[in-house]
Amino acid sequence: NTKITQSPRYLILGRANKSLECEQHLGHNAMYWYKQSAEKPPELMFLYNLKQLIRNETVPSRFIPECPDSSKLLLHISAVDPEDSAVYFCASSPGRYSGNTLYFGEGSRLIVV
Amino acid sequence: GDSVTQTEGPVTVSESESLIINCTYSATSIAYPNLFWYVRYPGEGLQLLLKVITAGQKGSSRGFEATYNKETTSFHLQKASVQESDSAVYYCALGASSGSWQLIFGSGTQLTVMP
Numbered sequence: 001n002t003k004i005t006q007s008p009r010y011l012i013l014g015r016a017n018k019s020l021e022c023e024q025h026l027g028h029n030a031m032y033w034y035k036q037s038a039e040k041p042p043e044l045m046f047l048y049n050l051k052q053l054i055r056n057e058t059v060p061s062r063f064i065p066e067c068p069d070s071s072k073l074l075l076h077i078s079a080v081d082p083e084d085s086a087v088y089f090c091a092s093s094p095g096r097y098s099g100n101t102l103y104f105g106e107g108s109r110l111i112v113v
Numbered sequence: 001g002d003s004v005t006q007t008e009g010p011v012t013v014s015e016s017e018s019l020i021i022n023c024t025y026s027a028t029s030i031a032y033p034n035l036f037w038y039v040r041y042p043g044e045g046l047q048l049l050l051k052v053i054t055a056g057q058k059g060s061s062r063g064f065e066a067t068y069n070k071e072t073t074s075f076h077l078q079k080a081s082v083q084e085s086d087s088a089v090y091y092c093a094l095g096a097s098s099g100s101w102q103l104i105f106g107s108g109t110q111l112t113v114m115p
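Residue numbers (the numbering used here), protein chains in the order written: chain A, 1 to 113; chain B, 1 to 115.
What the hints contain is simulated information worked out from the structure, not anything from laboratory work.
It is possible that some hints are incorrect.
[Claimed, not checked] Keeping only pairs whose Cα atoms sit at most 20 Å apart, straight-line, the calculated SDA-like set for lysine to any residue is: (1) A/LYS35 to B/GLN47; (2) A/LYS35 to B/THR28; (3) A/LYS40 to B/GLY45.
Small disclaimer: the values here were computed from a predicted structure and weren't measured.
With these hints in hand, go ahead and build the complete structure from the sequences.
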């Protein structure tokens, strides 16, 4: 799937700051960050619709999303914690209304050492 | 709240055998949720396998089928004859709408197909 690209694909960090990037080439209005920890299903972290943060799940404040335009999504992580080790998936959909299929990127695997 | 329960893995079957992965859902935020099966092949991201938005309808893709059964709140995934290339993790998901749209995923079922 080259229509939603994420970078970096793999990341090994100590207690450092880092940003994950996502870009979608589908013309969608809504973009999401999902976190998938080992042996768990993907869980929604953030949802943007038309560059506005619509839903902010109860994630730690060290995660800060940013949506510079409707095709790009960033996730800034400061002072990562071992519990942050997971795969972070970016996704997009035509809009934020019921019925829309979500399209996922390949994920960014974060390993905190 | 909304939730999805599916067959716990890992599941191992031999090539050409039939497969069923059970999925049941509970929807409180929406009366007629949309139901999805997503698949994650090794080293890849989540891909939509099939989707059904109308109760009583069946979805199919790549030889897989699932029927939206509102009476039993189920959306089981079936395939008559699996192939080694079907080895992946399968996720049942529910489209919830408590203010904004999101997917609620089941825990995933790791499927290994032996040659």
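Results of checking the hints against the structure:
no., hint, in the structure
1, A/LYS35 to B/GLN47, "holds (16 Å)"
2, A/LYS35 to B/THR28, "violated (23 Å)"
3, A/LYS40 to B/GLY45, "holds (15 Å)"
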